[in-house]
Every structure is written in C-alpha cells, then in structure tokens.
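**Student:** Spelled out from the first residue to the last, the chains are:
There are 2 protein chains.
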Amino acid sequence: MPKAPASLAADMPQREWDRGRALLFALDAMGGDFAPKEPCRGAILACGEEPELSVALVGRRAEIEPYLEDAPSSVRSRISIVEASEVIGMGDNPGSSIRTKKDSSMRVIMEMVRAREAVGCISAGNTGAIVAGGVLVVGRIQGIDRPGLAVPIPALNRASLLLDVGATVRCKAINLYQFAHMGSIYMRSLSGVENPSVALLSNGLEEIKGDVVISEAREMLAGASLNFSGYVEGKDVPLGRTDVVVCDGFTGNALIKFGEGIGEIVKSVARTEIENHFLSKIGAALMMPALKKIWARFEHEQRGGSPLLGVDGIVVKAHGNSRDRAIAGALKVALGFAQLKGTELIKNSFETDF
Amino acid sequence: MPKAPASLAADMPQREWDRGRALLFALDAMGGDFAPKEPCRGAILACGEEPELSVALVGRRAEIEPYLEDAPSSVRSRISIVEASEVIGMGDNPGSSIRTKKDSSMRVIMEMVRAREAVGCISAGNTGAIVAGGVLVVGRIQGIDRPGLAVPIPALNRASLLLDVGATVRCKAINLYQFAHMGSIYMRSLSGVENPSVALLSNGLEEIKGDVVISEAREMLAGASLNFSGYVEGKDVPLGRTDVVVCDGFTGNALIKFGEGIGEIVKSVARTEIENHFLSKIGAALMMPALKKIWARFEHEQRGGSPLLGVDGIVVKAHGNSRDRAIAGALKVALGFAQLKGTELIKNSFETDF
Chain L
2 MPKAPASLAA
12 DMPQREWDRG
22 RALLFALDAM
32 GGDFAPKEPC
42 RGAILACGEE
52 PELSVALVGR
62 RAEIEPYLED
72 APSSVRSRIS
82 IVEASEVIGM
92 GDNPGSSIRT
102 KKDSSMRVIM
112 EMVRAREAVG
122 CISAGNTGAI
132 VAGGVLVVGR
142 IQGIDRPGLA
152 VPIPALNRAS
162 LLLDVGATVR
172 CKAINLYQFA
182 HMGSIYMRSL
192 SGVENPSVAL
202 LSNGLEEIKG
212 DVVISEAREM
222 LAGASLNFSG
232 YVEGKDVPLG
242 RTDVVVCDGF
252 TGNALIKFGE
262 GIGEIVKSVA
272 RTEIENHFLS
282 KIGAALMMPA
292 LKKIWARFEH
302 EQRGGSPLLG
312 VDGIVVKAHG
322 NSRDRAIAGA
332 LKVALGFAQL
342 KGTELIKNSF
352 ETDF
Chain S
2 MPKAPASLAA
12 DMPQREWDRG
22 RALLFALDAM
32 GGDFAPKEPC
42 RGAILACGEE
52 PELSVALVGR
62 RAEIEPYLED
72 APSSVRSRIS
82 IVEASEVIGM
92 GDNPGSSIRT
102 KKDSSMRVIM
112 EMVRAREAVG
122 CISAGNTGAI
132 VAGGVLVVGR
142 IQGIDRPGLA
152 VPIPALNRAS
162 LLLDVGATVR
172 CKAINLYQFA
182 HMGSIYMRSL
192 SGVENPSVAL
202 LSNGLEEIKG
212 DVVISEAREM
222 LAGASLNFSG
232 YVEGKDVPLG
242 RTDVVVCDGF
252 TGNALIKFGE
262 GIGEIVKSVA
272 RTEIENHFLS
282 KIGAALMMPA
292 LKKIWARFEH
302 EQRGGSPLLG
312 VDGIVVKAHG
322 NSRDRAIAGA
332 LKVALGFAQL
342 KGTELIKNSF
352 ETDF
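Note that the protein sequences, when read in sequence, are chains L and S. Residue numbers in the first sequence follow the working numbering, run continuously in steps of one, and reach 355 at the last position. Residue numbers in the second sequence follow the working numbering, run continuously in steps of one, and reach 355 at the last position.
Rather than coming from a laboratory, the hints here were simulated on the basis of the structure. Incorrect hints may appear among the rest.
Identical copies look the same in the list; a pair holds intra-copy or inter-copy alike.
Said to hold, decoys possible - Straight line, CA to CA, 27 angstroms or less: simulated BS3-like cross-link-like pairs of lysine-lysine: (1) 236 x 173; (2) 102 x 210; (3) 38 x 236; (4) 38 x 102; (5) 333 x 38; (6) 282 x 210; (7) 342 x 38; (8) 173 x 210.
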C-alpha cells in the first residue's frame, strides 16, 4: 500500500530549469476553440502575474507572433516560441493523431516534457489526444495502470477534487484504487490538507450499492492507508462531503458537463426573467456585485486546469473554450504542481509501495 | 423493431375502475422522509385538484386517520385507507424486504396493482424496494429485460426525459435499447411530441466515444424505427438537445443527484452573498418574483414523480423528501399515465415487435 512520503522529495536531482530563475512550461498554442489568440494572451497574463513562470508557445510561429507584439518586455523575455507545423483537431482520432502527427503542437509539448526540456505542458485541445500523448509520449509512472484527469469542484466551504473526468472511460477496481491515492496526494499538495478524505462515487451510501468494480475498489480502499470514507452519491460532490471523489471517466465526464449545462441554463433563465420584469432589472443592478461573486464560484476560468495524474511529468488540460484567464489558470495549476513536486510525490509513493 | 401503435389502444378491455367516475391509485402512506403526514396531505391536495382521482392510502390506519380529519367531504369521499402493518425502511435490503415483509405498505400497493384493484401505485420510499416490487410483484412486461426509472428534466425550452436514473445500475445494450423505446413512448404520451428525439448519453458526440455497451446500443438504435439522434454528452441533458436521453442507472442516478447538490449550493451561496450586502438585500427583494420563478423551474416538487417503465402496471416513485406538493405531483403523473394508457402502449409495442 502507498504510504505518505516523508518529505517533499527534497533530494530530487537538480535539473536544467532549477538552475534558472523561471520554470519553463510548454503551452500548446494551437489547442482550444480560440487558438492561437487566447493561449498567447493567457501566457502573457500568467507570466505577468507569476515571476517564476516561463512559457514556450508551441505552434505555428507566424500565427503566434502577432499576439506577442503588445507584451511588456519584462514578460516577453520569458515567452519563447517553438515551431510546430501540424495541429491535432477536436475531431481527430486521439491515439492515431498523436502517433502520426509528429510535428503537431500537442505532440511537441509532450516530447518537451519527456525530454525534460520543459517542466510540464498545458493544452486546451482534444482531450483524448492529451491523454494519449500523456500515456504514449510522456509515459506512465511505473506501477500506474491508467491515468486520471482531476478537476477541482467549487464545493460548499471547501475545494473538492473529482477524478477521473475522462481519461479512463471504464475502470477496473485497481484504476479507482490508484485514482484515490493520486487524488489524495494531489489534494494534499494543492490545499495543504494533511490527510484528505477520499470517497468512491456510488448510487447510494449503503455498502450494498455500486457494482462489482466499485465494490471491489471499496474493499481495496478500506484496507489502504488513506482517509477513506466509503461511498458518496452525486449530490455529495458539489456539497463537498469529502476532499476527493473518485469515479470512472465516463461518469466524471458526464457530471462535469452536466454541471456546465446547468450553469448555462440557469444563466439563460435568469436573464430572461430579469429582462421581463422592470423591478427585477433594478434589483439585478443592485445585486450585481453579489451576482458576480456567485457566478465566479462556478466559472471554470477561476479554477484553471485539470492535471492528468499518473503520467511521468506535468500534463495539464485546460477547457476547450478557454479564454486567456482560463489558460493563465491552467498555467498556474501546472506551476503550483511543479513547485510542490507533485509528480515526484506520486512516483515516490507508488515506486515504494506497489 | 417496435412500431408506433395505430391508436391509443381504444379497444382496451373495460375494467372495474373504468366504470366508476374516479380512477383508484394505491399510495404508500408510510414511504418517504415525512410519512405518513405528507403522503396524506398530498392525497388530499391531489384529489382536490383532480376530480377523476381516487386514492387508497396504504399503511397503519391509526397513524393515517388523524391527517384526514380536516379533508373536505368532497375529497374525503375519494380517499380510502387500506391497512398494512409493516414498513420497509430506507436502509432495508430492497429485494429481501419486498419478499419477506408481505404486509408492508410497499408490498401491498404493488399487490393491489397486480390484482388490478388499483390502476397504479405511488411511493416515496426505498427506491430499490420500489424497483424490486415492480419486477417481483407487479411483474415485467413480456419482452422487457429490465425496467427503467424515468425523470423529467427541466431543460431549456422543453421538457426532457432522462432514463434510467437508478432501476438498472449497469446495463447491457438491450437494456439501453429498450429504455430508448419506452422513453420515446412515454414522452409521446406525456408531451404530445409526435416522434420524440432520442439520444444515448456518452462522453462526447463522436462515434468513437462511449464504451462497448453504449456503442452496441448505438448500432441497434441506428437501425430502429425511432427518431434516434446518436450521442449527446452531459451538458446536452439540461440544455434539452433531445426529448429523451438514455443512460445506465448508475450514471443517471449520479446526474440527478449531482443536479440536486448544485441546486442546494447555489441557494446557499446566494443566500450568504445577499445577506452580506445591503444593496443586494434590496435587490433580492425587488427580484423576488423572478427568483421564485427561476427556482420553481428546478424544484422537483413541480415535476412530480418518476415512472418505472417496463413493468406491467403503473408504478411511480416520488422523491424521498417529498412534501405534499411533490406527492400530489407524483399522483398526477400516475393519473396522466393511466389516462393515456401508457402501460398498454408499451405492451402493445413490445408484444407486437419483440
């Protein structure tokens, strides 16, 4: 069973990027609905806010350069361009495109992580290709069967982590078991919670709920050195009953997209109702500061990216419709993960114990 | 392949309840978080609004009677009490309790449907026991492998139906296929949409998404006489991209409970934000009529119950925390389903074609 490593891997070998002031991350400039504009603006934004951050924009130089013209020189000096001529589209087959499009921006950012030329990589592109690239190019951590994509959920009174949200569509018990361990380590690094509570998503709280896979994972986790609290159900995810919730990628994907859809219709219904009532318009104007704070809690821009846990390097996925603020958020997630040596924590844990 | 029956089964044999003015439904008076009070009040409420409705409250007479004292006589005359001494609790094992607790209110309402003493039954009790009772006591429609619980979703600009939300935790392709047909028939009866669009929930819109079961169901449905529109993803459910969305019971259960949880935290965050700002308080007061309309769209009380499709009689599940309005809603769902002869439509379709 994995145990908590004694220290934050203080004895890590010093690498190229440790010697300079800034940590270099490879950003897929061609990935996402608003590429290359928003990735470029996001890099400028993040570098302006994080003096330790350095970004390599990977993609077609001629398309990237115009968006860097206005960058202040203190920021521009930490942004470089790495040429990559091909692009993996949203409709491309993930596995085959990452294999065949060797000069795609997505493949190149992964190669940079594998070669330790970059501390980590970030993309708002094709999720399947990010996962395939993580497994095929960056490579899995020894002992990890399948990786898991983790997203922070804006739960009541705490940050809560949900994984997997789409890397491993259907899971074996060992996958859920490993997600629980990786989620716990990531949450500990991220939020500072000493011993994060971890639960399995099921269709009810009682032990008889779930299916054979979930039930097997439950037994494995009951015997593990984790703060395991058994099953939670769907409503416990936003209510934040535990620090980490583990499920298969199909279910996690359905949940976060369902949440996005609810957000869209609440906004739309609210807009219609407010516009149809004169007093409501005045009321909405008075409430605007509070309304903005409420929305901010649920906007993915505020939460940044989703780390792909279980690969031997930092790979962070940003939402496909990311604007600059969301890209900057994903860069900060990657930076924070690097500063906390998250990959090493997971590696140490699994290499020691599996 | 099932085809649309030519008429609303106009040649159905006339039964006992067809001869009287009112249709009799058996209501589990002991089921749900607020039993027997709220089921009793719900029966009074619904009978007051629906002159065609008659309700048998099933449970412990001594506990039920006090709640009927204030009922107006025009309503009281359509409410009867059927004694049942036992109660199936939320923590009871569904299958074994429905088998062994032969005098439980849940078992008795199911027996009444099987014996055609009631047109249908409604319970806010243990969901697993409702499903087990539907299968073991009421019985499946010939040709139906597994039943599915369907819930109406308050989607944007239309009512949308999601099934299964917990009757069949993990599904074979044939289950998803049959849910699609039953959901289409139910939605046609419910909303009057001539040829409802039906989709399978997947983790993306592309054909390569999903797992082997979903992919097999997709191929079966592509060849069926349904208005099948392929895959939708989580966010399309609240956005109402199709009339019916089909998934396994585990996923559907996670989704609706996740939605409930989001509702709870949005309310809680909004309350805090509003109370912390003086102007927001005035704004909220001015917006109250609009806010109430917004919440009403998302409250399950307004949507009533979930029919268990695929059993040979009307079985409707109400939410466990149902108050009188929600119970009345579930009774109305059952009444509407009976008036439209929904069970017969499904039977005709499957007996003819499978």
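**Student:** Is it within a copy, between copies, both, or neither that the alpha carbon of residue 38 lies no farther than 27 angstroms from that of residue 236?
**Tutor:** between (37 angstroms within a copy, 26 angstroms between copies)
**Student:** Could you place residue 236 and residue 173 in one of the four classes (within, between, both, neither) given a Cα distance threshold of 27 angstroms?
**Tutor:** Classified as both: same-chain Cα gap 24 angstroms, cross-chain 26 angstroms, threshold 27 angstroms.
**Student:** Regarding residue 342 and residue 38, is the shortest C-alpha distance of 27 angstroms or less found within a copy, between copies, in both, or in neither?
**Tutor:** For residue 342 and residue 38, the Cα distance exceeds 27 angstroms both inside one copy (30 angstroms) and across copies (57 angstroms).
**Student:** Pop the pair residue 282 and residue 210 into one bin, within, between, both or neither, using alpha-carbon distances up to 27 angstroms.
**Tutor:** neither (47 angstroms within a copy, 43 angstroms between copies)
**Student:** Using 27 angstroms as the alpha-carbon threshold, which applies to residue 333 and residue 38: within, between, both, or neither?
**Tutor:** Cα proximity of residue 333 and residue 38: one copy only (19 angstroms, versus 54 angstroms across).
**Student:** With 27 angstroms as the alpha-carbon cut-off, assign the pair residue 38 and residue 102 to within, between, both or neither.
**Tutor:** This pair counts as within: shortest intra-copy Cα distance 22 angstroms, inter-copy 66 angstroms.
**Student:** Using 27 angstroms as the alpha carbon limit, work out where residue 102 and residue 210 are close: within a copy, between copies, both or neither.
**Tutor:** between (44 angstroms within a copy, 21 angstroms between copies)
**Student:** Pop the pair residue 173 and residue 210 into one bin, within, between, both or neither, using alpha-carbon distances up to 27 angstroms.
**Tutor:** both (17 angstroms within a copy, 18 angstroms between copies)
In this structure, the earlier hints numbered 6, 7 are contradicted, and the remaining ones agree with it.
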